[in-house]
Amino acid sequence: MAVERRAEVLSTTDVGRALTRVAHEIVERNSGVAGLVLVGMQRGGVWIAEEIARCIASFESQAEVPVGSIDVSMYRDDIALRPVVPAAVTDIPVDITGNTVVLVDDVLFTGRTVRAALDALLDHGRPRAVQLAVLVDRGHRELPIRPDFVGKNIPTHLSDEVDASTAGVYVISTSIGNEMRKKEVS
Amino acid sequence: MKHLLSVEELTADQLASLLDLTDHMVEISGRPVPKVPALRGRTVASVFFEDSTRTRLSFETAAKRLSADTLTFNVGTSSVNKGESLRDTIETLSAMGVDAFVVRHKSSGVPHMITEWTDASVINAGDGWHQHPTQALLDCHTVTRSFGSGNDLSGRTVAIVGDVKHSRVARSNIRAFAMLGAEVVIVAPRTLLPPEIIEWPVRVVDALDDVIDDIDVLYLLRMQRERMDAALVPSLGEYSARFGLTPQRARRLKGDALVLHPGPMNRGVEILVDPVDLPGSRILEQVRAGVSARMSVLYTVLSGGSVPPMGGAE
Chain X
11 MAVERRAEVL
21 STTDVGRALT
31 RVAHEIVERN
41 SGVAGLVLVG
51 MQRGGVWIAE
61 EIARCIASFE
71 SQAEVPVGSI
81 DVSMYRDDIA
91 LRPVVPAAVT
101 DIPVDITGNT
111 VVLVDDVLFT
121 GRTVRAALDA
131 LLDHGRPRAV
141 QLAVLVDRGH
151 RELPIRPDFV
161 GKNIPTHLSD
171 EVDASTAGVY
181 VISTSIGNEM
191 RKKEVS
Chain A
377 MKHLLSVEEL
387 TADQLASLLD
397 LTDHMVEISG
407 RPVPKVPALR
417 GRTVASVFFE
427 DSTRTRLSFE
437 TAAKRLSADT
447 LTFNVGTSSV
457 NKGESLRDTI
467 ETLSAMGVDA
477 FVVRHKSSGV
487 PHMITEWTDA
497 SVINAGDGWH
507 QHPTQALLDC
517 HTVTRSFGSG
527 NDLSGRTVAI
537 VGDVKHSRVA
547 RSNIRAFAML
557 GAEVVIVAPR
567 TLLPPEIIEW
577 PVRVVDALDD
587 VIDDIDVLYL
597 LRMQRERMDA
607 ALVPSLGEYS
617 ARFGLTPQRA
627 RRLKGDALVL
637 HPGPMNRGVE
647 ILVDPVDLPG
657 SRILEQVRAG
667 VSARMSVLYT
677 VLSGGSVPPM
687 GGAE
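So the protein lines, in turn, are chains X and A.
According to our numbering, the first sequence is numbered sequentially starting from 11.
According to our numbering, the second sequence is numbered sequentially starting from 377.
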C-alpha cells in the first residue's frame, strides 16, 4: 500500500524571504522597474507574481509593476494525451510589446508549461525580453529551459509531488515512489 | 465527452464546464491574434445536408481559431447527387482522416447514426425537429453572462414563444434552461405544441400578454412560413397579434428583461419592433457567443484525454 510522506522544505517565513530576495534580484538585474511586467502562470504562479509585485512596491518608492496572469492550456503539447482544462482566464492588463516580461510560476519541473507560456505570451505582443522567476526549481527538465530567478532549488524524485503555497513548500512522496527509487539505484 | 448529440445527454456539470470553457474562448476571440494552437493537426469536417450559412460559418470559424483544419462537404455538388448513401459519404470522409464531423440533417437521429459508422467525434448542428445543442449552449451563455449570476438561473423565468412543435432549438433550450434552474414557460398556439409536451418541465400559456410583464427572458422562435400552408395558424397577422413582440408588448417588458432570437428573424411576424430599439436585445451577442460556444464544444470533444496524467503536474 502506498504510504504518503509529506516533508516541509520551506516554511511560510522561508517563502516570504525567498520571494523578497527574488524581488530584489529582478529589480537589480533590470536596473529598476521601468518597462517591467510580471505575468503569473495560472494558477500556481499568480499569487507569487502578486507577492513579488508587493515586495517591489515596498522597497522601490512609486514603483507600480503591472501584474497579469496567463493560462497556457490551449498551448500545451499534451492536449488529447490527458484532459487539459483551462484553469482561469488570461488577463494581461498592459501591452507587453517592447517591455520586459517576467514569467512567474510556483514550481519549475519539466519546462513544458514554460514552453507553452512563451508561445502564449508571444500571441499578446513582442516583449523586449522574457525572464523566468520560480519559487522552486525541482529539476527533471525535459526542454532546454532555465530559470533566471529561483527561490529555492529542491532536488526531488520524478514521482514526488511538490505543493507550494503561502503556507510553505512541501515535498510529497509515496512509498511506491520510494520503491521506484530503489529500483533505479540497484 | 466524445460526441455532442443532444442536451439530454449532458449532465449539469458538463453543461456548466462547457459554459465556463466558453468564457475562455470569448477571451481568446477578443485578442489581437484570435487563434490558439490547441487543435493543430486535427481535421473538422462540416457535413450539412440542410442549408445553414450562419451555423456552418460559425463552426468553421471556431475550428480555425483553435488551429484545426476544416473541410466542407457541400451536398449540392457532391456524389450524393450521384446516389451515394449517407453511410458511404461518412466512411469516405473518415478514410481521409477526419477527427470530428459537424452534422446537420433534416432527419432526427442522423448524427447519432453517424457515430456508429466512424471513430471520429460527431457534433450535432441540428437534426430535424430533434436537437440543436450548440444553439442551447450559446443561448445559455448569453443569458447567464448577461445576468452575471454564474451558471445559475434559479428564480428567473424564460418564455419560449412560437412554433415549439417543429423546433429543435426549443427542444434543446427548454432542457438547458431548466438544467440551469430557470422556470420555462411555453407560449404557443395549441396547434404548434408537440404531444410530448406534457412530459417536459414547462408551464404552457396561450397568449404572450399573459406573461409579458413578469418574464426575465423572452425567447422568440422563428415562425416558419410553411406552417401557414399546413393551416396550423389561421394567418401570420393573427399569429403576430397574439404571439408577436409588438412595440406595445416591448414597453411592458421588465427593465432588465432580455430578448433573444436564434435567427434568421422574420421581421413583421414574430418581431414587430427593430431590435436596435430594444435595450434588452441580445440577438447580436448570441451570434458572437456562437463562435466561442462552438470552440468550447470542439475543444471538449477533441481534447478528451485517452491516457491518464503522467507524474506530477507542473
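Quick caveat, the hints were computed from the structure, so don't treat them as lab data.
Note that the Cβ used here is the ideal one computed from N, Cα and C, for glycine as well.
Among the clues, some could well be false.
Said to hold, decoys possible - Computed beta-carbon distance windows for the label pairs: (1) X/V19 to A/P655: 27 to 37 Å; (2) X/S41 to A/P640: 52 to 62 Å; (3) X/D88 to A/S611: 51 to 61 Å; (4) X/A44 to A/P408: 19 to 29 Å.
Tested hints:
no. : hint                        : in the structure
1   : X/V19 to A/P655: 27 to 37 Å : violated, 57 Å
2   : X/S41 to A/P640: 52 to 62 Å : holds, 60 Å
3   : X/D88 to A/S611: 51 to 61 Å : holds, 60 Å
4   : X/A44 to A/P408: 19 to 29 Å : holds, 24 Å
Hint violations for this structure: number 1 only, all remaining hints satisfied.
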